[in-house]
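So the number in our numbering is just where the residue sits in the sequence shown, counting from 1, plus 769.
There could be a bad hint or two in this list.
Unchecked claim - PhoX-like cross-link-like pairs, simulated, lysine-lysine; straight-line CA separation at most 20 Å:
id, residue 1, residue 2
1, Lys877, Lys858
2, Lys858, Lys895
3, Lys898, Lys858
4, Lys838, Lys858
5, Lys838, Lys853
What the hints assert, rightly or not - Distance ranges between label pairs, derived from CB positions:
id, residue 1, residue 2, range
6, Gly833, Thr900, 49 to 55 Å
7, Ser844, Cys915, 18 to 24 Å
8, Asp810, Lys925, 38 to 44 Å
9, Cys915, Ile855, 49 to 55 Å
10, Lys925, Tyr893, 42 to 48 Å
Honestly, the hints are just simulated from the structure, not real lab data.
Yeah, the Cβ is synthetic: ideal placement off N, Cα and C, and Gly gets one too.
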Amino acid sequence: MASLAGLICEPQLSEVTNITVAGKCNWFYPTANKVTCPRGDPCEDDLIAEHRFYISFENSECKGYITEKFFKRMSQMLVPIVLKRIIYKDEDIPPDSFIALDDFHSYKHLATHLDMLLHNDSEYMKYFKWTRRYRKPYSYKSDVGCKLCADLHARKELRVHNIREHIYRNQCGPRFD
């Protein structure tokens with residue numbers, strides 16, 4: 770199942786493996802199975818039950834940013850497929866709990882690996898070894914709003930003279946590689 774993150778590379782993946790796309794932008798995937806299922810609708814649970822993986826690409830590549838889709842689908846026992854392993858390296862996420870696109874030389878190699886996991890339950894279940902030591906997240910809740918309120922009430926100040934430089938200096942985009 771794919772989540773659209775505005776990436777050009779996902780349509781290429783749908784040409785080498787079977788992908789189901791749910792959402793408004795399924796026109797972007799000419800070779801994918803297209804399903805109409807509004808976000809939050811009960812049909813989403815049925816759709817998820819039929820799949821083992823979830824494309825969980827970030828909308829932005831920024832240090833410390835992990836898409837909520839990663840945690841939401843992980844709680845539903847789907848293996849997330851992410852863009853880059855390095856994004857998750859310093860976030861205390863077990864490295865064997867997800868599949869990273871950059872671990873493979875091509876989309877075809879990734880598709881071969883996914884196909885093997887579809888037909889080999891014991892290999893697939895290795896992605897859930899982390900559940901023996903950690904609790905499965907039932908939902909992902911960010912406390913960023915609470916932190917913002919606390920900072921505002923404490924009158925903490927942050928002055929940014931050049932917002933572009935602040936965002937892109939070793940934080941987001943190609944320099945994060």
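Results for each hint:
1. For the hint linking Lys877 to Lys858, the alpha-carbon distance of about 25 Å lies beyond 20 Å, and the restraint is violated.
2. With a C-alpha separation of about 19 Å, the suggested pairing of Lys858 with Lys895 holds against the 20 Å cut-off.
3. Note on Lys898 and Lys858: the hinted pairing holds, with a Cα-Cα distance of about 18 Å set against a maximum of 20 Å.
4. As the CA atoms of Lys838 and Lys858 are separated by approximately 17 Å, the hinted pair is consistent with the 20 Å bound.
5. Restraint check: the Cα-Cα separation between Lys838 and Lys853 comes to about 15 Å, which is no more than 20 Å; the hinted pair holds.
6. A C-beta distance of roughly 25 Å is found between Gly833 and Thr900, which places it outside the suggested range of 49 to 55 Å.
7. For the pair Ser844 and Cys915, the beta carbons lie near 21 Å from each other, so the given range of 18 to 24 Å is met.
8. For the pair Asp810 and Lys925, the beta carbons lie near 41 Å from each other, so the given range of 38 to 44 Å is met.
9. Checked against the hint of 49 to 55 Å, the pair Cys915 and Ile855 fails, with Cβ atoms roughly 28 Å apart.
10. Between Lys925 and Tyr893 the beta carbons are some 46 Å apart, a value that agrees with the proposed interval 42 to 48 Å.
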